[in-house]
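Chain by chain, the residues run as shown.
There are 2 protein chains.
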Amino acid sequence: MTQTRRSIHLAERPKGKPTDANFRLEEHPLADPGDGEVAIRVIWLSLDPYMRGRMDAGPSYADPVPVDGVMTGQTVGEVIASNADGFAAGDIVTGATGWVSHAVMDAKELRKLDPSLAPVQSALGVLGMPGMTAWTGLTDIMEQREGETIAISAATGAVGSVAGQIAKARGCRVIGIAGGPEKCAFATDTLGFDACIDHHAMTDGKAMAEALAKAAPDGIDGYFENVGGKTLAGIIPNMAEGGRIAVCGMVAWYSGDNLSEGLPLPVLWRTILTRRLRVRGFIVMDHYDRFDAFVSDVAPLVRSGKLHYREDVTDGLENAPAAFMDMLTGGNFGKALVRVGPDA
Amino acid sequence: MTQTRRSIHLAERPKGKPTDANFRLEEHPLADPGDGEVAIRVIWLSLDPYMRGRMDAGPSYADPVPVDGVMTGQTVGEVIASNADGFAAGDIVTGATGWVSHAVMDAKELRKLDPSLAPVQSALGVLGMPGMTAWTGLTDIMEQREGETIAISAATGAVGSVAGQIAKARGCRVIGIAGGPEKCAFATDTLGFDACIDHHAMTDGKAMAEALAKAAPDGIDGYFENVGGKTLAGIIPNMAEGGRIAVCGMVAWYSGDNLSEGLPLPVLWRTILTRRLRVRGFIVMDHYDRFDAFVSDVAPLVRSGKLHYREDVTDGLENAPAAFMDMLTGGNFGKALVRVGPDA
Numbered sequence: 022m023t024q025t026r027r028s029i030h031l032a033e034r035p036k037g038k039p040t041d042a043n044f045r046l047e048e049h050p051l052a053d054p055g056d057g058e059v060a061i062r063v064i065w066l067s068l069d070p071y072m073r074g075r076m077d078a079g080p081s082y083a084d085p086v087p088v089d090g091v092m093t094g095q096t097v098g099e100v101i102a103s104n105a106d107g108f109a110a111g112d113i114v115t116g117a118t119g120w121v122s123h124a125v126m127d128a129k130e131l132r133k134l135d136p137s138l139a140p141v142q143s144a145l146g147v148l149g150m151p152g153m154t155a156w157t158g159l160t161d162i163m164e165q166r167e168g169e170t171i172a173i174s175a176a177t178g179a180v181g182s183v184a185g186q187i188a189k190a191r192g193c194r195v196i197g198i199a200g201g202p203e204k205c206a207f208a209t210d211t212l213g214f215d216a217c218i219d220h221h222a223m224t225d226g227k228a229m230a231e232a233l234a235k236a237a238p239d240g241i242d243g244y245f246e247n248v249g250g251k252t253l254a255g256i257i258p259n260m261a262e263g264g265r266i267a268v269c270g271m272v273a274w275y276s277g278d279n280l281s282e283g284l285p286l287p288v289l290w291r292t293i294l295t296r297r298l299r300v301r302g303f304i305v306m307d308h309y310d311r312f313d314a315f316v317s318d319v320a321p322l323v324r325s326g327k328l329h330y331r332e333d334v335t336d337g338l339e340n341a342p343a344a345f346m347d348m349l350t351g352g353n354f355g356k357a358l359v360r361v362g363p364d365a
Numbered sequence: 022m023t024q025t026r027r028s029i030h031l032a033e034r035p036k037g038k039p040t041d042a043n044f045r046l047e048e049h050p051l052a053d054p055g056d057g058e059v060a061i062r063v064i065w066l067s068l069d070p071y072m073r074g075r076m077d078a079g080p081s082y083a084d085p086v087p088v089d090g091v092m093t094g095q096t097v098g099e100v101i102a103s104n105a106d107g108f109a110a111g112d113i114v115t116g117a118t119g120w121v122s123h124a125v126m127d128a129k130e131l132r133k134l135d136p137s138l139a140p141v142q143s144a145l146g147v148l149g150m151p152g153m154t155a156w157t158g159l160t161d162i163m164e165q166r167e168g169e170t171i172a173i174s175a176a177t178g179a180v181g182s183v184a185g186q187i188a189k190a191r192g193c194r195v196i197g198i199a200g201g202p203e204k205c206a207f208a209t210d211t212l213g214f215d216a217c218i219d220h221h222a223m224t225d226g227k228a229m230a231e232a233l234a235k236a237a238p239d240g241i242d243g244y245f246e247n248v249g250g251k252t253l254a255g256i257i258p259n260m261a262e263g264g265r266i267a268v269c270g271m272v273a274w275y276s277g278d279n280l281s282e283g284l285p286l287p288v289l290w291r292t293i294l295t296r297r298l299r300v301r302g303f304i305v306m307d308h309y310d311r312f313d314a315f316v317s318d319v320a321p322l323v324r325s326g327k328l329h330y331r332e333d334v335t336d337g338l339e340n341a342p343a344a345f346m347d348m349l350t351g352g353n354f355g356k357a358l359v360r361v362g363p364d365a
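First to last, the sequence lines map onto chains A and B.
So that you can map any letter, position 131 of the first sequence is 152 in our numbering, and since no number is skipped, the others follow by simple counting.
So that you can map any letter, position 200 of the second sequence is 221 in our numbering, and since no number is skipped, the others follow by simple counting.
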């Protein structure tokens, strides 16, 4: 029996915000696994903001998805046929298969998961790339120290929610920025953040700056940047002397809008100088040599139930583009996942 | 005999570029030195770009000069009367007297100079604050490493010329940016830089980017930022992965013009992310615990004649405002000094 492989392709590059026309669903027969390869049926697909950058042709930290190519992405799946030592049908694995229902992969590009330790999809979230991003940004890039005031944008997202909870566990005062009263209530009531600012209620960078000045009267020592836009415009005048900004993403700008949010470049540059700020961009894949340190630090918080995480699940691979576009405008609430197939 | 003290005051705060109307010369009798104080006649006044920032009321890293207050500045002078242990008439000292012909100072705020070691005005330049700024920016902020490509703006100025020569001495490839063919020839022929770009010949940030791409085809590992403006707009797209920017000043922006130089904030922010850049502002006064390390590193280069420096001397305290305004638009060529009185 030949298995059908469904896959979502980049039909054309977006101009600004992605639309349905940028994506195309295809169906092809699944190849047989060659030597050292395994065939997988995908159970979970992770949707992440970085994917927006890959849709553009411009230079970035990774090659763009070619037009007509399969959208890149990390998944968790079940091995259905193996031609590789150490892998057998029924194994649960994670790897960069892309937005597909099935894949044939080199076994060396897969990592086996132990389903008894945690729900397998946590390998795409709190114990996977987003969690590692949060931990690296705080620990190695921001060099966050006990007792500091830390601001985190996209505070209830897959990265921000973990970053804020780690900072709380380390004795920091944490101020979240999130979209809407429901997310803000979750940030303070469930995640335990000290304050949360609803950016939907802020008309511009000036209003954001005033709200942040109230929430952090002594200034912000560290800012975990996920969004850019008017949030950044509000953060900059509130940075404390010697403050650090870990630049992890800029979802507000990925789609080309919000180019004038009230932060003139000379104001940013002058503030970096006069307050001796440190701004550093990072890409988590540069730091995977620290993966074990991350897991040993964060897994105990997950197992003990101290680290809360929330998933925003969409059913069906065909609905991945809509869920992705929704996520880019903050429509998700928690780690964005697509359930591609039934649990093992 | 009562000595007359001439002093230059901030008559009103500038709006944009400073004008003559912002300055006022006053004459008053010089007070007698009290207990622990000395009276000084000033020989050399240093003019530095940071002084422009002190003329504004806005928050900066130091208190602004109050309206009607004496302009702040560092000088070298001769003690003419001493009421302090360890200081005698004829001693040569340096201190922050401001823009004055004479001053009465607490001896604890002065540092004695040995005129046999180097021309005394070098304490205001290559072996003083500008030299220390250059050394700190390269060594501790940019963390420049051997063999890297380093770009330096205001490359023939008091800071840039020293930074570039130290980088050359450390085995780096150095690209200067300076205003006009005469300065560029000095940068390559006398200072020994590998290339110099004349920013007067660059119409905008795009032209600057193209010129830098030719001069640094493998990208810029470290940028010593003194100017902002179109130079910065040209630098950013040429930064190499993992590059560092030491933000020391922004003379092109100090006077409120050049606000739109073709570098949209999202482009800067995205480049910081995708190329994993580190941007760090610094103020040399935070780093004076490293003064001895600086002197032991740089003084041998000065004594051996390997480190060239150039002075741009204006005669007469009354001409300090014009010389200062000229410096802000790059009219000086070398360390800007005012000869306030005759040599000792």
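Quick caveat, the hints were computed from the structure, so don't treat them as lab data.
This structure is a prediction, so every number in the text was calculated from the model and none was measured.
Mixed in with the good hints there might be a few duds.
Stated by the list, open to error - So the derived label-pair ranges between C-beta atoms look like this:
(1) R311(A) / S137(B): 22 to 28 Å
(2) E231(A) / T40(B): 44 to 50 Å
(3) D239(B) / A222(A): 56 to 62 Å
(4) M306(A) / D77(B): 32 to 38 Å
(5) E164(B) / A52(A): 35 to 41 Å
What the hints assert, rightly or not - Straight-line C-alpha distance at most 27 Å; calculated DSSO-like pairs for lysine-lysine:
(6) K327(B) / K36(A)
(7) K189(B) / K38(B)
(8) K38(A) / K227(A)
(9) K133(A) / K327(A)
(10) K189(B) / K235(B)
(11) K227(A) / K227(B)
Note that beta-carbon positions come from the ideal geometry of N, C-alpha and C, so glycine has one too.
Status of the hints after comparison with the structure:
no.: 1; hint: R311(A) / S137(B): 22 to 28 Å; result: violated (54 Å)
no.: 2; hint: E231(A) / T40(B): 44 to 50 Å; result: violated (35 Å)
no.: 3; hint: D239(B) / A222(A): 56 to 62 Å; result: violated (47 Å)
no.: 4; hint: M306(A) / D77(B): 32 to 38 Å; result: violated (43 Å)
no.: 5; hint: E164(B) / A52(A): 35 to 41 Å; result: violated (49 Å)
no.: 6; hint: K327(B) / K36(A); result: violated (55 Å)
no.: 7; hint: K189(B) / K38(B); result: violated (34 Å)
no.: 8; hint: K38(A) / K227(A); result: holds (25 Å)
no.: 9; hint: K133(A) / K327(A); result: holds (25 Å)
no.: 10; hint: K189(B) / K235(B); result: holds (19 Å)
no.: 11; hint: K227(A) / K227(B); result: violated (31 Å)
In this structure, the earlier hints numbered 1, 2, 3, 4, 5, 6, 7, 11 are contradicted, and the remaining ones agree with it.
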